[in-house]
Amino acid sequence: MIHVKINGVDHDLDVDPEMPLLWALRDVLGLTGTKFGCGEALCGACTVHLDGDPVRACVTPMHRVKGREVTTIEGLADPPGDHPLQRAWVAAGVPQCGYCQAGQIMTAAALLAANPTPSDDDIAHSMAGNICRCGTYVRIRAAIKAAAAELKKP
Amino acid sequence: MTIVVSRRAFVLGIGAASAGLALGMERRAAAGPVKPSARVFAPDPFIQIGADGTISIVCHRSEMGQGIRSSLPVLIADELGADPDAIAIVQGDGDARYGDQDTDGSASVRGSYEHLRQLAATARTMLITAAARRWHVPEARLVARDGAVWDGKRELTFGELAEAAATLPVPTKVKLGTLRYVGKELPARDAPDQVVGRAVYAADVRLPDMLVAVVARPPVLFGKPAKVDAKRALAVPGVKQVVELPALAPPVKYQALGGVAVIGEHTWAALRGRAALAITWDDGENASYDSRAYRDQLLAAVRAPGDVVRSVGDAEAALAAAARKVEAEYIVPHLAHAPMEPPAAIARVDGNRVEVWACTQSPQDMAEAIADALGVAKHDVTVHVTLLGGGFGRKSFPDFAIEAARLAKQAGVPVRVQWTREDDLRHSTYHTHSAQALAAGLDAAGEVVAWRHRIAYPSISSTFDVTKDHPSNGELSQGVFDLPLAVPAVSVQTGAAKAHTRIGWLRSVCNIQQAFAVQSFIDELAHATNRDPRDMLVRVLGPARVLDQATQGTPVLSNYGEPLDRNPIDVGRLHAVIEKATAMAGWDKREGRALGVAAHHSFVSYVAVVAHVSKGARGEPRLEEAWIAADVGTAINPERVRYQMEGAFVFAASNALHGAITYERGAVVQSNYRDYRMLRMPEAPRAIHVELVRSGMPPGGAGEPGVPPVAPAIANAWFALTGTRVRELPFLPTPRG
Chain A
1 MIHVKINGVD
11 HDLDVDPEMP
21 LLWALRDVLG
31 LTGTKFGCGE
41 ALCGACTVHL
51 DGDPVRACVT
61 PMHRVKGREV
71 TTIEGLADPP
81 GDHPLQRAWV
91 AAGVPQCGYC
101 QAGQIMTAAA
111 LLAANPTPSD
121 DDIAHSMAGN
131 ICRCGTYVRI
141 RAAIKAAAAE
151 LKKP
Chain B
1001 MTIVVSRRAF
1011 VLGIGAASAG
1021 LALGMERRAA
1031 AGPVKPSARV
1041 FAPDPFIQIG
1051 ADGTISIVCH
1061 RSEMGQGIRS
1071 SLPVLIADEL
1081 GADPDAIAIV
1091 QGDGDARYGD
1101 QDTDGSASVR
1111 GSYEHLRQLA
1121 ATARTMLITA
1131 AARRWHVPEA
1141 RLVARDGAVW
1151 DGKRELTFGE
1161 LAEAAATLPV
1171 PTKVKLGTLR
1181 YVGKELPARD
1191 APDQVVGRAV
1201 YAADVRLPDM
1211 LVAVVARPPV
1221 LFGKPAKVDA
1231 KRALAVPGVK
1241 QVVELPALAP
1251 PVKYQALGGV
1261 AVIGEHTWAA
1271 LRGRAALAIT
1281 WDDGENASYD
1291 SRAYRDQLLA
1301 AVRAPGDVVR
1311 SVGDAEAALA
1321 AAARKVEAEY
1331 IVPHLAHAPM
1341 EPPAAIARVD
1351 GNRVEVWACT
1361 QSPQDMAEAI
1371 ADALGVAKHD
1381 VTVHVTLLGG
1391 GFGRKSFPDF
1401 AIEAARLAKQ
1411 AGVPVRVQWT
1421 REDDLRHSTY
1431 HTHSAQALAA
1441 GLDAAGEVVA
1451 WRHRIAYPSI
1461 SSTFDVTKDH
1471 PSNGELSQGV
1481 FDLPLAVPAV
1491 SVQTGAAKAH
1501 TRIGWLRSVC
1511 NIQQAFAVQS
1521 FIDELAHATN
1531 RDPRDMLVRV
1541 LGPARVLDQA
1551 TQGTPVLSNY
1561 GEPLDRNPID
1571 VGRLHAVIEK
1581 ATAMAGWDKR
1591 EGRALGVAAH
1601 HSFVSYVAVV
1611 AHVSKGARGE
1621 PRLEEAWIAA
1631 DVGTAINPER
1641 VRYQMEGAFV
1651 FAASNALHGA
1661 ITYERGAVVQ
1671 SNYRDYRMLR
1681 MPEAPRAIHV
1691 ELVRSGMPPG
1701 GAGEPGVPPV
1711 APAIANAWFA
1721 LTGTRVRELP
1731 FLPTPRG
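Those protein sequences? They're chains A and B, same order as listed.
Numbering-wise (the numbering used here), the first sequence opens with residue 1 and increments by one.
Numbering-wise (the numbering used here), the second sequence opens with residue 1001 and increments by one.
These are computed hints drawn from the structure, not numbers from a lab.
Heads up, the beta-carbon is just placed ideally off N, CA and C, and yes, glycines get one too.
To give a feel for the contact side, a few chain B residues facing chain A, derived at Cβ under 7 Å:
hint: 1; residue: Gly1065
hint: 2; residue: Ala1191
hint: 3; residue: Tyr1673
hint: 4; residue: Pro1682
Only some residues are given here: those of chain B computed to face chain A with a beta carbon under 10 Å:
hint: 5; residue: Gln1066
hint: 6; residue: Val1196
hint: 7; residue: His1266
hint: 8; residue: Leu1388
hint: 9; residue: Gly1391
hint: 10; residue: Glu1639
hint: 11; residue: Gln1644
hint: 12; residue: Gly1647
hint: 13; residue: Phe1649
hint: 14; residue: Met1681
hint: 15; residue: Ile1688
Just so you have them, the derived chain A footprint on chain B, three or more residues with Cβ under 8 Å:
hint: 16; segment: 1199-1211
hint: 17; segment: 1338-1350
Chain A extracted, bound-state conformation (with noise of 0.2 Å):
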């Protein structure tokens, strides 16, 4: 059994300790918010945070994750959608197809977080590993400046 808090729910999961966080979020929990892309860390779909720090859960291993909290695109915002992101992404009309806005929305976020006035350089910087097939590039950081600008306001 593995022991995981996955968006504030406590879990004991009977997995194969290799299996990657990405088919146990999407095949054992139905948690399908979080997106394959490559299955190699390099397209950013299956962004989710764990312990805070933004992974991607395609290459994270069940046994990495034992014990510590996952937080995913679902458990981002209390109620769903409330993040200022996800407000900011609505409103901007970011999603084209959107796959891969989840993994987007989960990179920006950790991003916000630890940096809360990033600088163009620095949200190119952190939103390089997600890529986006539509080239919706250009709304992503505008959105990303709004949702920090909505975060510093008192």
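Could you slot chain B onto chain A? The hints should help.
Below, chain B without anything else, positioned relative to chain A:
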């Protein structure tokens, strides 16, 4: 609370969070085709108004990021007299009653705009008639607005009228209304679900008892397994079965590729099982395919005279007599779509009944292909369309769903077939590999007096008929037959090119290579004659006029299926976007910025792109900024149209800078995003400015027309900066290993 999931209970989707999703999908499926009943007004397959006031509108085209679910249902709601925010959008299953559902050719809006408006106007008229009878007033005094019929003082909601309207005869002639929402800034309908992980893509569908399969496919097209040892695979915990799929025989058509499937309790088991398979492949004759050698064959083909497919005057004589000749060769490699969502499909087979959930651009073709593969009737196959995590033409092919249907039949329980990124890049439906040679004759004053364009690439037709080894008229209608040229002598020739892999459609298709060659070459002519590239472009395209087949000297002028009298190919519209984009970019005040311009007409729309390029720290091209002017005719949702242009710039720039699928010994070399690179945020321009030119013409395409001008605009800007002409894409080939 602690939720315990035991290994024995491994039935996909038993986790607490998935139960609702599975139910949701069942509900969505059940809501699919609209069935008439006494308490429901459903005058056509697209509109259903319940007595409770719910207005459900079907989106019959697939959503893959182009914003169709934020467009077509708005058009229907608007014409109906409903508030688009208050409707429920139902994704249509594959169903012939919706007409053509192929989401391709940038045709969803232009192909259904008038028909859907007419249907909605018919429904509105019937609701008004019902209200007029209830109130005993003339229909002319009534209007439909925000889901109710008004007479100025009182209202009856559509729900209150549904039952009465359903009893009325369907009028054959109705008047179109005034649209209040179409053309305004409209929201992206799926964004709220997408940002919380609630939007449902193919692999997110959960069915009770579902297993997961991955397939080891032949590395070479038409290869087959010579020897399979599944012992180690079957020993992997969670692996249920290893199944050999029928081998593929030419032509490819809409068939699956064959191979060996591993079915497991979950994706991880199936992946581990596949890795443990020992397969010896019989590669067959395509094992000789080597894209480096093939490139040289293509070049040889365009260095010799070919079949003349477009002819005006005597181009060879005019070239021979010209004061000066300019020649250039252009090469574009195979490309893969690489949508962020790799193909996936779920199938459930119960006797002759097959039910499929898939990220498909073409649900009716998919149903037919599955029916053929399983030997059942087409009407026994239901295809539910999920959201697509990108499609770009790849998901027009049904192969992945055929695999799921075969395996579900074999397993006796629902099966999801999951493609990995490696599967996607190595077994795609590739954009063709092309070579083109252009030659222009110039007179003493520098005017272009002769134009010769030689073209060779494997045709998409080869996927359906192995004897096809020249570009088809359809492919040449993408920027060659319909290219305006103010040149008195024109010859277009095609050379033979046999296909050795599966050739398919990639966003904007043959416009990619044909616009790259033509728009680069016109820029070369500008520099050869010391003219401004924008002025040269307008000069070569010639004066504002409408094209006709006789003057073009072509066997067809197909205009993407649109009648030429209703929506002609209008060079004036091309001029307008060139003028707009160059004005936006400050073309006449470049002040040291290296700008490149290109303009192209495709899918009945007109797009000009100006790119600003600089040199990066390692001498590589850096995209600084882009300006795009587009005339797509009437737009339902201009915000999503502008966004398509923005996305098309990045998509096309990604292909131009990095994209290349290569072959060695018949197999694709690239395997994942490390060697099939995508543009990432640090490489994206800091700004992409888009403006729509409002011509008032009928709707044109929006998803694809933004792609073709991008690569040549970048190449032209790079030449302006460095004096180096890039004639072979990509700019930055990824080194092996």
